[in-house]
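Asks: The chain contents come next:
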Amino acid sequence: MKTNYLLWSLLAVGLFSFGVLNTNDYFFNVLNVLGLNGLIVIGLALLMGYAGQVSLGHAAFYGLGAYTSGILTAKYGLSPLLGLFAAQAVVLASALLIGLPSLRLKGHYLAMATLGFGVIVHVIFKETISLTGGPSGLVGIPPLEVFGFTFFSSRQYFFLIWAVLLLTLLFSLHLAHSPFGRALLALHDSEAATQALGYDTGRLKLIVFLLSASFAGLAGSLYAHFAMFISPTSFTFLHSVKLVTMVVIGGVASLWGALIGAGVLSVLPEVLTVFEDYDVLIFGVILVVIMIFLPEGLLKGLTTIWQKRKFHGQTQDSLSR
Amino acid sequence: MGEILQYLLSGLTSGAIYALIALGFTIIYNATEVINFAQGEFVMLGAMFMATFLGKLGLPLPVAFALSVGLTALVGLLVERLTIYPARRASTITLIIITIGVSILLKGLAMFIWGKDSLPVPAFVGEKPISLFGATIIPQSILILIVALASVLGLEFFFRHTTTGKAMRACAANRLAARLLGIRVEPLIMLAFGVSAGLSAVAGVIISPITFATYDMGTMLGLKGFAAAVLGGLTSSFGAVAGGFLLGILESLAAGFISSAYKDAAAFVILLLMLFLKPEGLFGQGEIKKL
Chain A
1 MKTNYLLWSL LAVGLFSFGV LNTNDYFFNV LNVLGLNGLI VIGLALLMGY AGQVSLGHAA
61 FYGLGAYTSG ILTAKYGLSP LLGLFAAQAV VLASALLIGL PSLRLKGHYL AMATLGFGVI
121 VHVIFKETIS LTGGPSGLVG IPPLEVFGFT FFSSRQYFFL IWAVLLLTLL FSLHLAHSPF
181 GRALLALHDS EAATQALGYD TGRLKLIVFL LSASFAGLAG SLYAHFAMFI SPTSFTFLHS
241 VKLVTMVVIG GVASLWGALI GAGVLSVLPE VLTVFEDYDV LIFGVILVVI MIFLPEGLLK
301 GLTTIWQKRK FHGQTQDSLS R
Chain B
1 MGEILQYLLS GLTSGAIYAL IALGFTIIYN ATEVINFAQG EFVMLGAMFM ATFLGKLGLP
61 LPVAFALSVG LTALVGLLVE RLTIYPARRA STITLIIITI GVSILLKGLA MFIWGKDSLP
121 VPAFVGEKPI SLFGATIIPQ SILILIVALA SVLGLEFFFR HTTTGKAMRA CAANRLAARL
181 LGIRVEPLIM LAFGVSAGLS AVAGVIISPI TFATYDMGTM LGLKGFAAAV LGGLTSSFGA
241 VAGGFLLGIL ESLAAGFISS AYKDAAAFVI LLLMLFLKPE GLFGQGEIKK L
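These protein sequence lines map, in sequence, to chains A and B.
So for the first sequence, the numbering used here puts the first residue at 1; every next one is plus one.
So for the second sequence, the numbering used here puts the first residue at 1; every next one is plus one.
Hints were generated in silico from the structure; no laboratory data involved.
Keep in mind it's a predicted model, so treat the numbers as computed, not measured.
Hints may contain errors.
Unchecked claim - Restraint ranges, calculated between C-beta atoms of paired labels, are given here:
1. A:202 to B:130: 52 to 60 Å
2. A:4 to B:157: 57 to 65 Å
3. A:202 to B:58: 56 to 64 Å
4. A:268 to B:253: 39 to 47 Å
The beta carbon of each residue, even a glycine, is placed where N, CA and C say it ideally should be.
Just chain B, same shape as in the assembly (with noise of 0.2 Å):
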């Protein structure tokens, strides 16, 4: 029993990661149908800040926190408007290509900026293990839900109850209709970018103290939101949380009972699983096409 729930609330901790990349790439998605393949050097930006900020200066955490998250919606932003914007009228692998590049771009500059060793990150709360029903939890993993928790709520409200929040899921829902009503489109699609790579860079920061920040963390990270965000849908933001807890609890299940080498390849067992059985996602709805 105690073993169980041990592998629940490793994977609740690494689900609540992946559910916010994988929402991450819904934004992303949602406003320009590219799957953004850089998705993952954000989650790593977002914990090198914090390595930076909190372990190297010594920043007071909340300061530190603001400035990492800040710093790599800027980054987002202006990854949109240098290399997405001006190729808008590309096709939409070509646009993917360019992510490809960006995320070969941002890995080489990071591993120029902070270099090749893993930057430690100090915890952000107590060390001391809690014992629970037999299972153990650190503090970190409590304080990441319920980071995690708190950053989906406040994007749902930002979604549902702002006008911007609103424009934006109206350009998701139709573009050339948004436009109509006088909503400008271009403003809304950087936004799109920043708010995704701030939200993995909350993602990144949060996980810090527990994996550390190295330049090439965000690639399998970036792999694994996808995969959650296809088992939600890729639409669906309310897909793409559920598909992350979801796949991070499968994943850590797996680890425990078959074999903590194949851990990794898990993820993508059940990805293929989801794509034979049940293609458009748990929550995603079947596209239906004109002709």
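Okay, chain A solo, but in the shape it has when bound (with noise of 0.2 Å):
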């Protein structure tokens, strides 16, 4: 936890400063959207790495929260505070009826469940053109308000966003560390042993789920304040599929893991759009070879690398003296 402590803290001032210094609006942006990104894989994280579970559809969390707070302040005029709980509430209900009856079985129900429902979603959002302008998109979702006070810059967005980020992880990091987080990895390597020790399995598993689903409706909602118009092109199966693709690229039992996931994926599209049409192509291949030869995702590859090295530097050191 001394780690944590010290880790947070870095990326905390490093932030800040960074906050402070750049003026350039695109780092901003695509910070945000790497921050959003790392929120929702936090509690993915939290599911897969500690719980053992895999949601196929967490980008429809993301959405609900996105299209809860658009529709009611664009089309209703209710205050962006008000509708960032309404969305909390829509996201926690549609995820207690999709993991109630899945996690109450064992193996990967919840991920063909969420799966389904993730489809279900994006349908929905594409269809209902009265409600959310179906493929064109929902426009007019005024900026975040909280008290008085209006975000309207990247930078401003960054700052909340990343603060937001910052709290997520160090109630996170606390909360592996906590019993709760114990039981969730002990529930990890056997769900027998862990009933037998007398916890309600189902449950453990569920507050987890309803935890990383409110995490997406929470990144949802700030989303939709910062970009001010959203479409069903952001909440598809395959940006699920990107977010669990995160937290397997870090390494699936590290909060920290996923943010490098987060940051990887986030970033790395931007940087090949120089390659125009290859880019998707060139994201495969990437994808495919670090999985092959880094299998337990890059923060723990990567320092298993080092390591080997530096140990490899000491036999040699010792054998020349």
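Taking the hints as your guide, dock the two standalone chains into a single complex.
Replies: Next comes the structure, spelled out in structure tokens:
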């Protein structure tokens, strides 16, 4: 936990100084998207790395957060803060609807159920045109306003999004090291053994699933106000898959790894745009190569290589001496 | 009456396609316990090759058919050898992410080779619709049903009556035991990818004159094939075929009687209902696990 605090403080200081010094809006926008992905991925890492369950529909919760916030503020003139809470209610209710039946069962039923749920929600975003604006998207979402302060610029959203992310991260790190987090890790290893210790494993899994859906919904609400325009293309099955990929590519059982994964997969497409139409192709190749050579993710894979090299260096040293 | 028959007929047509794709999922799942998210791309490749060989080069139908299926099967073999085999000791979730990467890669490759526009494929048989008790059916649909059934029966023969097929079933049942009996497992896993890809290519080939071939056609077809496989229990090939037809028919009825705008959602509503009401699938066996 000590290293966690240290890393967390370093990240906070680094981000704060970047926010003060940087003047290029493009960098803010890229980092804002990264932060939103990071927020979702923290929850997903708790679900996958700790509870051992996979969700293939987190883009749907992200989208439900965005659309509920967007519709309530743009069409019904609700205040953004109330909209955000309403969005949380919608997201939690739908997560409960999906999670309750599928988490009773052992195995990867949640993955299949969330996959189905994600596709259904995407079709609803596309087809209920009177409410969501359909494929052409929802326009006229007002900027976020909290107690009289309105967030306008990319820099303001940068500070907001990353402050939310840092708090969520701190909360999740504590959660992972609490008795609750330990129970989850035990659950990951053996569901039967955890049950034998007196834990209601179905309930544990459900709580983490609700938590991760809530993070995704929050990211969605923030996104809607930041972008002021949302369309169904942001909330596809492919985006759900991309979110899961971020967790796996970073290293499943680590919140830091998940953030690294979010960083890599959010920045990579920006870098690859120089290749124009080839970007998808190269993205696929990089994904496959990382997974083949570092199957436990970037964080663990790279630290292992680093340690091996250090060890190798030391033996070389001791031999030469 | 004619209306219902019409929905049933179009449901059977798309059901046959879903059945073939679902079978592809089942074969790979049985061999590796991996859910292959690149399955839809094999369908797309089949259709794309067909557009090239039949539509553009004008090769004779049987030649174009064999080339399209054969080349896609080859891609399947290559995918296993180049991406799954090197990572065979990794966890299942890592392997699944690899198949996602492969799916993105194949889609990108197809876009690069064939472009973003959809390519026409000429009809294999006459285009004049046939009237049937007040409903109409195009000859291509009948052909789809015949080819799909022939493929399913051929596959069943392969699994039941050939040594290789029996060995593959043995591996699916218990890999370690199969190894102890002297069966070499690795080539069979590669073969499973080849057969599965070829089967999905058949689906892509026979549907291509109706839907045409587009680089991104595989995603939705793959997802629906997966839904059909889950409906059938994911491990049973009979279940996959039944799940495919059931999904096709229910989807077509939902589109006809409820709303065609939500057609794509219908398949997944059925999937969710199935998961909540009978999670082991229609024909799957409930998992009995030793602690």
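Asks: Determine which of the earlier numbered hints do not hold for this structure and return their numbers in increasing order.
Replies: none
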